[in-house]
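*Asks:* From just these sequences and the hints, can you work out the full model?
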Amino acid sequence: MPSLKDIRKRIVSVKNTQKITKAMKLVSAAKLRRAQDAMIELRPYAAKHRELLSSLVSQLTTDGATAPHPLLAQRETIKRVAVLAVSSDRGMCGGFNSGVQKLVAAYSESRLAEGVEEVQVFTVGRRINLFVQKAAAKGLFDHAHNFGEIIALAKEDDDLRAVSAQLIDGFLEGTFDEVVVIFNVFKNAIAQIPTVRPLLPVAADVDEAEAGGDDAASADLIYEPDQQSLLGYIVPRYVEVQVRQVVLESIAGEHAARMNAMNSATDNASEMIRSLTLQANRARQAAITTELTEIISGVEALN
Amino acid sequence: MANLKLEVVTPTGKVVEVETASVTAPGVRGELGIMPDHRPALIQLGGGAIKYDGGEVLVRGGVAEVRPDGLLVLADKAVLPGQLERGEAEALLKASLDGLESREYLNDVRIMDLNNDRAFAEAALRTAGH
Chain R
1 MPSLKDIRKR IVSVKNTQKI TKAMKLVSAA KLRRAQDAMI ELRPYAAKHR ELLSSLVSQL
61 TTDGATAPHP LLAQRETIKR VAVLAVSSDR GMCGGFNSGV QKLVAAYSES RLAEGVEEVQ
121 VFTVGRRINL FVQKAAAKGL FDHAHNFGEI IALAKEDDDL RAVSAQLIDG FLEGTFDEVV
181 VIFNVFKNAI AQIPTVRPLL PVAADVDEAE AGGDDAASAD LIYEPDQQSL LGYIVPRYVE
241 VQVRQVVLES IAGEHAARMN AMNSATDNAS EMIRSLTLQA NRARQAAITT ELTEIISGVE
301 ALN
Chain X
1 MANLKLEVVT PTGKVVEVET ASVTAPGVRG ELGIMPDHRP ALIQLGGGAI KYDGGEVLVR
61 GGVAEVRPDG LLVLADKAVL PGQLERGEAE ALLKASLDGL ESREYLNDVR IMDLNNDRAF
121 AEAALRTAGH
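Chains as they are written, first to last, in my numbering: chain R, 1 to 303; chain X, 1 to 130.
It is worth saying that the hints were derived from the structure and are not from the lab.
Cβ coordinates follow ideal geometry from the N, Cα and C atoms, glycine included.
Check each hint, because a few of them may be wrong.
Cβ-Cβ distance ranges computed for the label pairs, FRET-style [what the hints assert, rightly or not]:
hint, chain 1, residue 1, chain 2, residue 2, range
1, R, Ala203, X, Glu17, 24 to 34 Å
2, X, Pro68, R, Ala47, 40 to 50 Å
3, X, Met35, R, Thr175, 41 to 51 Å
4, X, Gln83, R, Gln228, 41 to 51 Å
5, X, Glu90, R, Asp159, 11 to 21 Å
6, X, Gln83, R, Ala73, 37 to 47 Å
7, X, Met35, R, Lys187, 41 to 51 Å
8, X, Arg67, R, Gly91, 41 to 51 Å
9, X, Met35, R, Ala73, 33 to 43 Å
10, R, Gln228, X, Asp53, 30 to 40 Å
11, R, Glu271, X, Ala91, 52 to 62 Å
*Replies:* Now the structure itself:
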């Protein structure tokens, strides 16, 4: 049985931990709000790009013809696959990173089983980078490139652009035939779901109804210089927007996950303090009882 | 005469929203002047300055959606004059020129981006303070 002094010491230390987890929770809540704002800022730009892309593609695609842009072309045989894996830089966010790690491993395994020759993994975020380095050493897949820390990346516009540029280059040069992103989808503040999302070739989901209804309006549009060049500008931008969206979503998810983890850590600390206090009181009572017994038996002996 | 509404939107938010009598935009095949009641158009922009009454904004490339009552510019990067430091602009210009001159094989997307970078850096240098 630990002594009263030991128990009191533990109570103090748990209280200190609780202060830290509480503060981290508040910090994450503030950061989450900022990350969500950034996601909202991107929305009008992203939505407009999607609209322009599907309208241009529907106009340029004639039945049976090849894709109007090389980045849209589906390759017949997929030999090499690139994976962009996105995680956070720091831990203390529950299962946020391990979810992505497991999915990266499971995904590459299933692709290799399907007959894909090679899986190359690009990483964003320190956690996934460490994991992929280790896994690559075991020969599970190739660690192609690490883009560095996610927070630093999100701050620098041009760094983010470099990520999509490198993936586009690799795809156009045939270094890989398909690119997917594995990251945590920010569903809401409570749920972040590790997900595989195709990035290249670009899937221009042409909404038939929408495209058809727009025909009269788009026929009237002047295209400068022409539809083909406009598509040539829009497609890579669209890839960039998607990468940006993934990074922002992952950051928001990270803060949300950390907020939840810290919330339950604070709750657990409260529970622990409660049970330790109970123990301390019991120990104190026991000590008093022993002392009393000693005094009484001492008096008794004198008589 | 009715005014045009100019909006410049980037991935990080709206940069400019003004009412103006006319707009000059850096189209990929030269400058374009846009007046009110323009026919609806979709214009690819290169790097350079979008000029409007009382100001200008530098873009690295983008698409302008023109309607009779205004235009919406989707720029992948846009800054106000003087926002980009001279040194930064010089570095960007050098990097884009080096990239274009390198003997490395460049795909179309890279060439387009580098050209936009170059024009953007030049416009930034022109407007940057000393």
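*Asks:* Tell me, in ascending order, the numbers of any earlier hints that this structure violates.
*Replies:* 2 and 4
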